[in-house]
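The opening position of the sequence shown corresponds to residue 1071 in the numbering used here, with each subsequent residue numbered one higher.
Worth flagging that the hints you see were computed from the coordinates, not collected in a lab.
Treat the hints loosely; a few may be bogus.
Computed cross-link-like contacts, BS3-like style, restricted to lysine-lysine with a CA-CA straight-line distance of at most 30 Å [stated by the list, open to error]: (1) K1072 - K1270; (2) K1163 - K1088; (3) K1088 - K1108; (4) K1199 - K1163; (5) K1116 - K1199; (6) K1203 - K1072; (7) K1215 - K1199; (8) K1203 - K1215; (9) K1088 - K1270; (10) K1199 - K1072; (11) K1108 - K1072; (12) K1108 - K1215; (13) K1163 - K1215; (14) K1163 - K1108; (15) K1088 - K1116; (16) K1270 - K1116; (17) K1088 - K1215; (18) K1215 - K1072.
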Amino acid sequence: MKTQFLLIRHGETEWNTKNLMQGSTNIPLNHVGRSQAKKLGITLQKFPFDIIYASPLIRALMTARVIHTYHPETHLIQHNSLKERTFGEYEGKSYNEINALSERFKFSECWNYPFHRSPGGESLYEVRKRIQKFFDQLLFSHAGKTIVIVSHGVALRIFLGIALNLPMESLGVPSLDNASITLLEHIPHHAHLHFINYTKHLLNHDDQ
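Work the whole structure out from these sequences, hints included.
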């Protein structure tokens, strides 16, 4: 039985433009992000799907709510398992500041250290554990359905890694851009990635 996942990263925020670590900090979409969410909604009108799951963090939830306005017949459910990795004391800091604070490794190398926690934060292993449980629940509850997942860069790459059975250290690339779409198909014991980080829809429609 084929289950499809449309994985969507939230639209742009001011912290994205400033390259600040967001993590669990609740930063809303900026003007560009709201426009991106509308373009997502218009584009996804062409795709029939059965349900939307979203991180409860406002940047993802705002994105999901706009998509939902174009598919009002579907249910939109918030789920804590889709929250971004918590980065604790690193949140609100630039990547250069984080690199200066961390004596063990540069932030760009974080995928090679799945058990490392920033002060007050989560390890990649802990994020994987909660997303694995959620992924298993989706396959049990929505087998054969098409599911939209609106979440965050790290969380979505871990979701992909679980579905495709990839090692953690391979998930650093490619990155997922704001408001990108990734299509994943799952059948028992096998998953197929149709496309990843699709953003051509953001070039369409006038900004509003």
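A quick look at each hint next to the structure:
1. K1072 - K1270: holds, 26 Å
2. K1163 - K1088: holds, 10 Å
3. K1088 - K1108: Judged against 30 Å, a Cα distance of about 23 Å means the pair holds.
4. K1199 - K1163: holds, 26 Å
5. K1116 - K1199: Violated, at about 33 Å.
6. K1203 - K1072: holds, 19 Å
7. K1215 - K1199: Given pair K1215, K1199 holds - Cα atoms ~23 Å apart, limit 30 Å.
8. K1203 - K1215: Holds - the C-alpha atoms of K1215 and K1203 are around 18 Å apart, at most 30 Å.
9. K1088 - K1270: Cα-Cα ~23 Å, so holds.
10. K1199 - K1072: Satisfied, since the Cα-Cα distance of roughly 24 Å is no more than 30 Å.
11. K1108 - K1072: The hint holds at about 28 Å.
12. K1108 - K1215: holds, 24 Å
13. K1163 - K1215: Outside the cut-off at roughly 39 Å; violated.
14. K1163 - K1108: holds, 29 Å
15. K1088 - K1116: Given pair K1088, K1116 is violated - Cα atoms ~33 Å apart, limit 30 Å.
16. K1270 - K1116: holds, 14 Å
17. K1088 - K1215: violated, 38 Å
18. K1215 - K1072: holds, 7 Å
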